[in-house]
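K.L.:
Chains as they are written, first to last, in our numbering: chain S, 40 to 392; chain H, 40 to 392; chain X, 40 to 392; chain L, 40 to 392.
Derived by calculation from the structure, the hints in this document are not laboratory data.
Errors might be hidden in some of the hints.
Listed next, the stretches of chain H that the computed footprint assigns to chain S, with coverage defined by at least 3 CB atoms under 8 Å from CB atoms of chain S [stated by the list, open to error]: (1) 98–106; (2) 216–224; (3) 233–247; (4) 367–376.
Among chain S residues calculated to face chain H with C-beta under 10 Å, some are [to be verified]: (5) V256; (6) K297; (7) G345.
Label pairs and their calculated CB-CB ranges [claimed, not checked]: (8) S:T86 with L:E99: 27 to 35 Å; (9) X:A84 with H:T86: 42 to 50 Å; (10) S:T300 with H:L180: 40 to 48 Å; (11) X:R87 with H:D296: 42 to 50 Å; (12) S:K328 with H:A317: 41 to 49 Å; (13) X:A83 with L:Y315: 25 to 33 Å; (14) S:N223 with H:G53: 37 to 45 Å; (15) X:E182 with S:D296: 35 to 43 Å; (16) S:T300 with L:T300: 48 to 56 Å.
Note that this is a predicted model, so its numbers are computed, not measured.
Where a beta carbon is used, it is the ideal one built from N, C-alpha and C, also for glycine.
There are 4 protein chains.
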Amino acid sequence: MQDIRVGMGVVGYGYWGPNLVRNFVSNPSARLVAIADLDPGKLAASTRLYPGVATTDRYEDLLKDPSIDAIAIATPVRTHYELALAALKAGKHVLVEKPLAPSADLVRRLIDEADRRKLTLMVDHTFLYTPAVQKIRELVLKEELGEIYYYDSTRSSLGLFQSDVNVIWDLAVHDVSIIQYILNEDPVAVSATGSCHVAGTPENMAHITLFFDSKCVAHVSVNWLSPIKVRQTFVGGSKKMIVYDDLEPTEKIKVYDKGITLDEPSEDAHQFRIGYRAGDMWAPHISAKEALQTEVEHFIDCVRTGSPPISGGMSGLRVIEILEAASRSIADQGRPVLLPGRRTSVTPVRATA
Amino acid sequence: MQDIRVGMGVVGYGYWGPNLVRNFVSNPSARLVAIADLDPGKLAASTRLYPGVATTDRYEDLLKDPSIDAIAIATPVRTHYELALAALKAGKHVLVEKPLAPSADLVRRLIDEADRRKLTLMVDHTFLYTPAVQKIRELVLKEELGEIYYYDSTRSSLGLFQSDVNVIWDLAVHDVSIIQYILNEDPVAVSATGSCHVAGTPENMAHITLFFDSKCVAHVSVNWLSPIKVRQTFVGGSKKMIVYDDLEPTEKIKVYDKGITLDEPSEDAHQFRIGYRAGDMWAPHISAKEALQTEVEHFIDCVRTGSPPISGGMSGLRVIEILEAASRSIADQGRPVLLPGRRTSVTPVRATA
Amino acid sequence: MQDIRVGMGVVGYGYWGPNLVRNFVSNPSARLVAIADLDPGKLAASTRLYPGVATTDRYEDLLKDPSIDAIAIATPVRTHYELALAALKAGKHVLVEKPLAPSADLVRRLIDEADRRKLTLMVDHTFLYTPAVQKIRELVLKEELGEIYYYDSTRSSLGLFQSDVNVIWDLAVHDVSIIQYILNEDPVAVSATGSCHVAGTPENMAHITLFFDSKCVAHVSVNWLSPIKVRQTFVGGSKKMIVYDDLEPTEKIKVYDKGITLDEPSEDAHQFRIGYRAGDMWAPHISAKEALQTEVEHFIDCVRTGSPPISGGMSGLRVIEILEAASRSIADQGRPVLLPGRRTSVTPVRATA
Amino acid sequence: MQDIRVGMGVVGYGYWGPNLVRNFVSNPSARLVAIADLDPGKLAASTRLYPGVATTDRYEDLLKDPSIDAIAIATPVRTHYELALAALKAGKHVLVEKPLAPSADLVRRLIDEADRRKLTLMVDHTFLYTPAVQKIRELVLKEELGEIYYYDSTRSSLGLFQSDVNVIWDLAVHDVSIIQYILNEDPVAVSATGSCHVAGTPENMAHITLFFDSKCVAHVSVNWLSPIKVRQTFVGGSKKMIVYDDLEPTEKIKVYDKGITLDEPSEDAHQFRIGYRAGDMWAPHISAKEALQTEVEHFIDCVRTGSPPISGGMSGLRVIEILEAASRSIADQGRPVLLPGRRTSVTPVRATA
C-alpha cells in the first residue's frame with residue numbers, strides 16, 4: 040500500500056530545527072524521513088528522541104531520496120539560498136526558516152525556480168500562524184479598529200548575537216511579516232537607525248519607521264541587548280486600539296474601546312476640539328494552539344493541493360525588500376529610502392495539482 | 040520686621056499652575072503673593088483654596104508688585120517668551136514651564152536678558168528633580184553601568200492634544216532633558232519621524248534617534264494616541280542595565296546585573312564569542328518625595344544664592360535645539376540633522392549675590 | 040439671606056480628617072464651619088490651607104455651635120462612641136470613620152439615640168462608594184455572575200500598626216462592609232485565625248472565613264506586615280468571575296467569562312464530567328470619581344432628605360458583629376462562631392423630613 | 040558488560056507520567072525499561088516517542104522484570120498504596136507521585152515495608168526540587184530573613200476537578216511539603232475551612248492555617264475555581280521578606296529589605312513605637328533547571344547510595360498527617376485540630392548500601 044503522507048526531510052538540527060522536527064513527527068499527514076546536520080552530536084540527539092528517523096551529515100542524501108517530497112531548511116541564513124535552490128532543483132517543495140535569503144535578488148531566483156517547477160516555496164514566518172496575530176488580522180479585516188493609524192512594536196531581549204545577520208534580520212523580520220499580513224497597504228518608504236555596541240558584530244539595536252501613503256505609520260524597535268524580554272505591539276485605529284503582549288500567558292490581546300472624538304471646527308484657529316473616549320477593554324479568548332503546528336499543517340496542505348502559501352515566496356520577497364531598504368537607511372543615519380514596487384493583487388503562483 | 044521669604048507670583052492656573060501654587064504655598068522659604076489668569080473661574084477656584092493669595096486677570100499687576108521677587112509661568116507655550124521677557128525686564132527671577140520657548144532664538148534672547156540682569160532663569164524640567172532620575176544619574180556617574188550603550192524611552196498615553204505644540208514638544212522634551220542630565224555627552228545628530236493622524240493638528244506620534252560620537256545612542260518614542268499610559272525607559276551599559284518604569288508605585292528602577300561578555304577573538308571570521316551574564320536584579324529604594332517640591336526648593340535656593348540652576352537657561356536652550364532639529368528631521372521623513380554646538384563646560388551664569 | 044447649605048464640623052485632623060475636610064470644602068451643598076483637634080500643630084496646618092474655617096481644641100465648641108448641623112468624626116476608634124453620642128445628644132447628624140464603635144453594644148446605643156432623635160447616623164465605609172465596588176454590586180444584582188460561589192480578598196501592606204485596634208478592625212472591616220453590600224445574604228458563622236508577631240501589639244495578620252447558608256463562602260486575608268501592598272479580590276460565580284485589583288490605575292475590574300460546565304451524570308461513580316469554559320475577559324470602564332466625594336454627597340443628601348444611608352447604623356452594626364465574632368474565633372484558633380441575627384428587610388430608620 | 044545504570048519502570052502514562060518518562064530517558068544514570076498503563080492509546084503514544092521502551096498493560100510485568108530496579112508511580116491517588124506496596128514487596132525502589140497515599144496509616148505501612156527491605160521510598164514533592172524553593176530554603180537557613188513570622192501562599196487556577204481527592208490533597212500538598220522543607224519547626228495544630236461548589240464533588244476551595252509553637256504561622260489558600268492562575272507565596276521575617284511568584288518567568292523571588300523596627304517601650308500604655316524600614320529589593324538569579332530533572336537525579340542517587348531522600352517516606356507521612364488534620368478541621372468549619380507527633384531529629388531510615 041502506498042504511503043500517501045508527505046515525505047519530509049529536515050536540514051539543520053540546531054536551535055529551531057528540533058521544533059520543526061517535533062511538529063512534522065506529530066503531523067498525521069507527514070512522514071519525517073531523514074534529518075541532515077553537519078554535527079554528529081546533534082544527529083545523535085535526534086536519534087535518541089526519534090530512533091525511526093534516518094540521519095545524515097550529507098545534505099545530498101535528502102535530495103536524492105525519492106521518498107522525500109519536501110525539505111524544511113533550518114540552517115544559518117547565509118546557507119538558505121544555496122540549500123533551497125538545490126532542493127527545488129531536486130524537485131522538492133521547500134520550507135525555509137526566516138529570512139528566506141540574505142538578499143532580494145536571491146529570493147527572486149528562488150521564486151522563479153519554484154514557479155518554473157510548480158513547487159511550493161514557503162518561508163517560516165511563524166508569527167503569521169499564531170492565534171494572536173490571526174485574531175488581530177481578523178479584527179482589522181472586520182474594521183473593528185476603524186482606520187488604522189499605527190503599528191508600533193518592541194521586540195527585545197538579551198538575545199543571541201548572530202554572526203551573519205544583524206538584529207533587524209533576526210527580530211524585525213517578524214514585525215515586517217506581520218505588518219504585511221495584517222495591513223491592507225504596502226509601505227512606500229522606510230527610515231531606520233541602528234547601533235552596534237560590540238566591535239566587529241552586526242547592529243544589535245535598531246528602530247525602523249515604515250511610511251505608507253495613508254495616515255498609517257509603522258514603527259519597529261528591536262534590541263539584542265535588553266535586560267528583559269519585551270514582545271509588545273500596539274495597533275492604533277480611529278475606533279479602537281489593540282495592545283498585543285506575546286509574553287502574556289493568556290490575555291495576549293487587549294482591545295481598548297478608547298480614542299478621540301473630533302468636534303465641529305471651532306472659530307478660534309488656536310483651538311480644536313478633541314474629546315476623549317474611555318470605554319471598556321476586552322480581551323478575546325485566544326487559542327493556545329502552537330503556531331508551528333498550524334504552519335506545518337498549512338505547508339503540508341499547500342504541498343498537497345498546490346494552493347499558494349500565506350507566507351509564500353512573494354511575501355518573503357517583500358519582507359526582504361523592506362529589510363534591505365532599512366539596512367540602507369541605517370547606513371545613512373535614518374535617511375529615508377523609497378521602497379521599490381507596490382503590492383499587486385496576489386495570484387496563485389501555479390495551478391493546483 | 041522684613042519678610043525674608045522669596046515673594047512669588049504665578050501666572051497661569053490651568054493644568055500645571057495649581058501644582059506650582061501648592062508647592063510654593065507649602066515652601067517655608069517662599070511666600071505666594073498673587074496668581075494671575077485670564078479666566079475668572081480659575082481665579083475663583085484658587086481663592087477658594089487659598090483665600091490669602093491675591094488674584095488678578097492682569098499680568099502687569101504681578102510685574103509691578105514690588106513684593107514679588109520671582110514669577111512662575113505656567114501658560115501655553117506660545118506665550119512663554121513674551122511673559123518671561125516681561126518678567127525679566129521687570130527685574131523678576133523666572134521659572135518657566137517646559138519648553139522654555141517655542142524656538143532656540145527666543146530662548147537665547149531670554150538667556151541674554153537674564154544674564155544681563157543677573158537674574159535666575161530656570162525651566163521646569165520636572166523629571167530632573169524626581170528621585171528616580173536622580174538615582175539613575177548617580178548610578179551613571181559612579182560608573183555602575185559601565186560604558187553607556189543606549190537610552191531608550193517610551194512615553195505615551197491617550198494624551199491631551201495641544202494646539203500650539205506637537206507631541207515632541209510636549210512629551211519628548213522630558214526625555215531630552217533627562218538625557219542631557221544623565222549622560223556626559225552631547226548628541227551630534229538626530230533622525231526623527233512623526234505622524235499626524237488627525238487633520239489640522241500637530242504630530243501626535245514620533246520616534247527620535249539621537250546619535251553621539253561614542254557608541255551611545257538614544258531613542259525616544261512618544262505618542263498621544265496610545266490606549267494605555269506607558270512611561271518606560273531602558274538604560275543599557277556594558278556592565279549593568281536599568282529598567283525605569285515611572286508608573287511603578289515603588290520599584291521604579293530595576294538594575295539588572297546582566298550583559299554580554301566577549302571572549303578572545305576567534306580565528307574563524309564567522310565566529311565571535313559572545314557570552315551572556317544573567318545575574319541578580321536589584322531595585323534600590325527610591326524616595327517618595329514629590330519632584331516639584333525639590334524643584335521649587337532648588338529654584339528658591341538659586342534665587343537666593345545666585346547659583347546656576349540644574350535646569351537653567353543653557354540647559355533649556357540645548358533641549359530646544361534638539362527639539363528643533365528633530366522637527367526638521369520629521370519634516371524630511373527621518374533625514375539626519377546635525378546638531379549645532381557641542382557641550383561646553385558649564386559655568387555659573389552670574390556671580391553669586 | 041439664609042444659608043441653605045449643611046453646616047459641618049469635623050473632629051480629628053490626623054490621617055483621614057484632611058480628606059473629609061477637603062471633600063466637605065468642595066461640596067457645594069455643604070459649608071465647613073469648624074475643625075476640632077487636640078493638636079495645635081494640626082489646627083495650624085488646616086488654617087494654612089483653609090483660612091476661612093474656624094479651629095478649636097475643644098470638641099464642645101462644635102456641639103454648641105448652632106450653625107453646625109452635622110459632625111464628621113475622624114478620631115481614634117476608642118473615642119468614636121463617646122464623640123458620636125455627644126454629637127447626637129447635641130442634635131447633630133453624625134458621620135463616623137470606620138469602625139463605627141469598638142463593640143456592637145455601643146453601636147446599638149448610637150443607633151437608638153439616632154433613631155430617637157431622627158438624626159442621620161452614617162459610618163464611613165468608604166469602599167462602598169468606590170466606582171469599582173458599585174460596578175461589582177451592579178453586576179451581581181444583574182446576575183451576570185450567576186450564583187455567587189465565593190468572595191476571596193487579600194488586603195495587605197507594610198501598614199500602620201494601630202494601638203487600639205487589630206488588623207481586622209483596620210483592614211478586614213473594608214471587606215466585611217463590601218460583602219454586606221454586594222451579597223444578598225448574611226453570613227451565619229465565622230472562623231478566623233490571627234497572629235501577633237510583635238509582643239504587646241494587637242494581631243497584625245489574620246484570615247477570616249465567613250460561612251453562608253448557601254454555597255457561598257467569603258474569605259478575607261489581612262496583613263500589616265507584608266512587604267508589598269496587595270488589594271485584590273476574587274468574586275467567583277457559576278457563570279462568570281471577577282478579579283478586582285484596587286491598585287490598578289484603570290482596569291480595576293476584570294470579568295472573566297470562565298467557569299465549569301457539568302455534564303450528565305456518569306454511570307461510573309468515580310467519574311464526574313466537568314468541562315471548562317475559557318471565554319473572553321472584559322474590563323468595564325470604571326469612573327475615576329473619588330469615593331469620598333460620592334460618600335460626602337450621599338451623607339449631605341441623607342441629612343437633607345432623611346433617607347437612610349447606604350452605610351447607616353444598622354449596616355455598621357452588622358459589620359461590628361462580624362468583627363466581634365471573628366475576634367472570638369481568633370482567640371480560639373479558628374473555632375467557628377455563630378453569628379447572631381440574620382439579615383432582615385432593611386427599612387428606613389426614620390421618616391423622611 | 041553489565042549495565043550499571045538504574046533500571047526504571049514507570050506505571051501511569053497520563054498527565055504526569057510523560058514528564059517522569061522524559062526525565063528518566065534523558066538521565067544518563069538511568070535506563071527506562073518499560074512503561075505500564077491500562078490505556079492502549081497511551082502506550083501507543085509512548086511508543087511513538089520512545090520506540091525502544093517496552094510497554095505493557097499489566098503492572099505485574101514490571102514487578103517480575105529483574106532488569107527493573109525501581110518503579111515510578113504516576114497513577115490516581117487511590118491506587119498509590121497498592122501499587123507501591125507491590126513494588127516494594129517485589130524488591131523495587133519506589134518513587135510515588137504526591138500525595139504518597141490516601142491516609143497516614145497506609146503511608147506508615149509503606150515506610151515499614153521499605154525500611155524492612157532497605158529500599159528507597161520517595162514521594163514526588165516536585166516543588167522541593169525547584170531552584171526557587173531551594174533558594175528560599177538557603178536564605179532561611181542563612182538567617183537572612185531573621186525570625187520567620189509567616190508563610191502565606193495562594194495556589195489557584197481553573198483547575199482539574201479530581202474525582203478521588205479534594206483541592207487540598209491536590210494543591211495544598213505542595214505548600215505543606217515546602218513548609219516542612221524550609222522551616223525548622225513542625226506545626227502543632229491546624230484550622231481549615233473548605234467549600235464545595237459543585238454537588239457531588241470534593242471541596243474545590245480551601246484555606247488552611249498552621250499554628251506553630253513559635254510566632255510563626257502558615258496559611259495556604261487553594262482554589263480550583265479561580266479565573267486566573269495564581270502561584271504566589273509570601274515569607275515574612277523579622278529582618279527581610281520574600282515574595283515568591285512561581286509564574287514569573289525569571290524574577291521568581293524578590294527579597295525585600297523591609298520591615299518594622301521597635302523602639303524603646305513607651306510609658307504611655309496606648310502607644311508603642313513601631314517604625315518602618317523601606318529598603319532595597321533584590322531578586323537573586325534563579326537557575327532555570329527543571330525541578331523534575333534534579334529530583335530524578337536525586338532519586339537515582341538515593342537508590343544507588345542508600346542515602347535518605349529529601350522527600351522520603353517520613354517527610355511524606357508528615358505531609359499526609361497535616362492534610363488529614365486539615366480535612367477534619369474542614370469538616371468542623373475551622374475547629375482547630377492538634378497535630379500528632381512533633382518533628383524528631385531526622386535520621387537515615389536505613390544503613391547505606
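K.L.:
Confirm or reject each hint.
P.N.:
Each hint tested on the structure:
1. 98–106: violated (count 0)
2. 216–224: violated (count 0)
3. 233–247: holds (count 8)
4. 367–376: holds (count 6)
5. V256: holds, 4 Å
6. K297: Hint on S:K297: holds, closest Cβ of chain H at ~5 Å, below 10 Å.
7. G345: Nearest chain H Cβ about 38 Å off; hint violated.
8. S:T86 with L:E99: 27 to 35 Å: With Cβ atoms ~32 Å apart, the hint holds.
9. X:A84 with H:T86: 42 to 50 Å: Between X:A84 and H:T86, where Cβ atoms are some 20 Å apart, the hint is violated.
10. S:T300 with H:L180: 40 to 48 Å: holds, 47 Å
11. X:R87 with H:D296: 42 to 50 Å: holds, 47 Å
12. S:K328 with H:A317: 41 to 49 Å: About 31 Å separates the Cβ atoms of S:K328 and H:A317, which means 41 to 49 Å is violated.
13. X:A83 with L:Y315: 25 to 33 Å: Distance hint for X:A83, L:Y315 holds at roughly 26 Å.
14. S:N223 with H:G53: 37 to 45 Å: This hint holds: roughly 42 Å between Cβ atoms.
15. X:E182 with S:D296: 35 to 43 Å: violated, 24 Å
16. S:T300 with L:T300: 48 to 56 Å: holds, 53 Å
Figure legend: structure checked against the earlier numbered hints; hints not met, in rising order: 1, 2, 7, 9, 12, 15.
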